[in-house]
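**Student:** Note that the protein sequences, when read in sequence, are chains A and B. The first sequence begins at 1 in the working numbering and counts up by one. The second sequence begins at 179 in the working numbering and counts up by one.
Don't take every hint at face value.
Anything over 10 Å on all C-beta distances counts as not near chain B; from chain A, calculated [to be verified]:
(1) Ser27
(2) Arg54
(3) Gly121
(4) Thr145
Example chain A residues on the side facing chain B (calculated, C-beta under 7 Å, incomplete) [claimed, not checked]:
(5) Leu25
(6) Leu82
(7) Arg84
(8) Lys86
(9) Ala89
(10) His91
(11) Gln92
(12) Asp93
(13) Leu99
(14) Val104
(15) Tyr107
(16) Ser109
(17) Ile119
(18) Arg134
(19) Phe158
Straight line, CA to CA, 20 Å or less: simulated EDC-like cross-link-like pairs of lysine to aspartate or glutamate [to be verified]:
(20) Lys78(A) to Glu309(B)
(21) Lys141(A) to Asp129(A)
(22) Lys78(A) to Asp61(A)
(23) Lys78(A) to Glu209(B)
(24) Lys76(A) to Glu316(B)
(25) Lys72(A) to Glu45(A)
(26) Lys114(A) to Glu329(B)
(27) Lys76(A) to Glu390(B)
(28) Lys65(A) to Asp156(A)
(29) Lys114(A) to Glu326(B)
(30) Lys72(A) to Glu332(B)
(31) Lys16(A) to Glu68(A)
(32) Lys222(B) to Glu209(B)
(33) Lys419(B) to Glu390(B)
(34) Lys47(A) to Glu32(A)
(35) Lys78(A) to Glu28(A)
(36) Lys86(A) to Glu245(B)
(37) Lys146(A) to Asp129(A)
(38) Lys47(A) to Asp61(A)
(39) Lys388(B) to Glu309(B)
(40) Lys86(A) to Glu309(B)
Because the hints were derived from the structure by calculation, they are not lab data. Glycine residues also receive a C-beta, built at the ideal position from the N, C-alpha and C atoms.
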Amino acid sequence: MSNPELDEMSGSSSPKSIIEAALFLASEPVPESELQDLTGLSGEELKDVLEDMRRDLSHPDRGLKLSENNGKWRFKVKRALLDRVKYLAPHQDMSRGMLRTLSVIAYNSPVLQKEVVEIRGNGAYDHIDQLIDRNFVKSEKEGRTKLLSVTQYFLDYFELDDLGELREKEDAPENISS
Amino acid sequence: MVERERDDLGSPETDGFGVSVKDLSRPDWRERLDDYAYNEDPWKVSVADLASGFMREVDEIGGKNLELSGRMVLTCAVLLRAKAERLGGREEPPEEEGFEEEIEPGFWGYEEFENESYIPELELPLKRMSERAVTTDELSQAFSSAVEVYERREERWETEEEDSPYGWGMDLDNEDNFRVKLQRLYRKVKNKLSRGKEVLFSTLLDRDTKEEKFNTFMELLHLQSEGKVQCKQDRPFGEIKVELREDEDTRNQDSETGGEDE
């Protein structure tokens, strides 16, 4: 019969265990390059291990999922469980101001940057840069301003099929234009 | 006199053994207390008498000696403990000799702690910073808050604009009003120039606000374009100096000697 404490003391250091430890501990998503440094795996080998972990976690008995964005990996709580346990982690992974700016873009997407700034103030420029950096928002040049819209990653993050789903929610607020 | 005698009850001076309140003020009070409590018979000291003596002493000094009070409490506690131990006979049982020798070194796992130079290293548990994904409900609430903040701000701006006679801009819709402001500023420049060759822009401001600076500067530019004043700035972002144009200066002197004011 295995003893969990003895197992822990034996110092298991398989690539999978290292990745798991790193992703559990990191406060920010971990880049693939860093996971490669930690495990000594090649890019292909790392992808195989990550896919393997992803398969393990996809089992309905598991509460976490492995999420990738722009080559950075992190553990997340499965969305179906999030409402039940979210009070245990009161801090969201984005600031309140940035979330408000994202919401303005999401509910009005596509929307001109100058309209977002008009609503949210000058601080919105920084939020928009960070949201683009985190792949929630994309921008296209539109005259002297930019046209902002949400990305596929945004939909994946909120587990939405399309923006209509967000706007049709029972208690959805009206968008700015209305 | 009677009181002093009672105070000395149990003191070394009266019966050759014991602790008195006076002893508590001595520098070696702790050593003496340990002596009485553990090397002699603590039952020879009357805690009740000691406490009574302390109360009288406190009355005399007006209850202001906290150090003495602290020592008194500790003394009573030590003595009572020593008395209790003496009564109960709770002394450490003698260790079984030879028992340790039969055990292999390292059996107990704490031998390293016996080395005085050993300082165990504290390991703080590594904790994950708990952050989680945002839910769609929170996104929706964030949007409501953003709209609410925007509407509140708009409302505030509207109110401020209505309330303030010095709104942003030049009020060009009301040309008469603007001309009045220009004349007022021009008069101000002239008044200040009576005390020097040039006027500093900052001295023309009624209030130190962005709106006031903007409006005053716009009015000055108008006066300059009309050829009434000349604005100078020695270095970028430096103080703006305002002086009257020479021809205007002459015209002013004319007006002072009967010429028509603007």
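**Student:** Work down the list of hints and note, for each, if the structure agrees.
**Tutor:** Hints, one by one, checked against the model:
no., hint, in the structure
1, Ser27, "4 Å, violated"
2, Arg54, "17 Å, holds"
3, Gly121, "8 Å, violated"
4, Thr145, "18 Å, holds"
5, Leu25, "6 Å, holds"
6, Leu82, "6 Å, holds"
7, Arg84, "11 Å, violated"
8, Lys86, "6 Å, holds"
9, Ala89, "4 Å, holds"
10, His91, "5 Å, holds"
11, Gln92, "5 Å, holds"
12, Asp93, "4 Å, holds"
13, Leu99, "4 Å, holds"
14, Val104, "5 Å, holds"
15, Tyr107, "5 Å, holds"
16, Ser109, "12 Å, violated"
17, Ile119, "5 Å, holds"
18, Arg134, "12 Å, violated"
19, Phe158, "5 Å, holds"
20, Lys78(A) to Glu309(B), "14 Å, holds"
21, Lys141(A) to Asp129(A), "14 Å, holds"
22, Lys78(A) to Asp61(A), "11 Å, holds"
23, Lys78(A) to Glu209(B), "67 Å, violated"
24, Lys76(A) to Glu316(B), "17 Å, holds"
25, Lys72(A) to Glu45(A), "16 Å, holds"
26, Lys114(A) to Glu329(B), "17 Å, holds"
27, Lys76(A) to Glu390(B), "53 Å, violated"
28, Lys65(A) to Asp156(A), "13 Å, holds"
29, Lys114(A) to Glu326(B), "19 Å, holds"
30, Lys72(A) to Glu332(B), "40 Å, violated"
31, Lys16(A) to Glu68(A), "16 Å, holds"
32, Lys222(B) to Glu209(B), "17 Å, holds"
33, Lys419(B) to Glu390(B), "17 Å, holds"
34, Lys47(A) to Glu32(A), "9 Å, holds"
35, Lys78(A) to Glu28(A), "18 Å, holds"
36, Lys86(A) to Glu245(B), "53 Å, violated"
37, Lys146(A) to Asp129(A), "12 Å, holds"
38, Lys47(A) to Asp61(A), "23 Å, violated"
39, Lys388(B) to Glu309(B), "41 Å, violated"
40, Lys86(A) to Glu309(B), "9 Å, holds"
Of the numbered hints given earlier, the model fails hints 1, 3, 7, 16, 18, 23, 27, 30, 36, 38, 39; all others are met.
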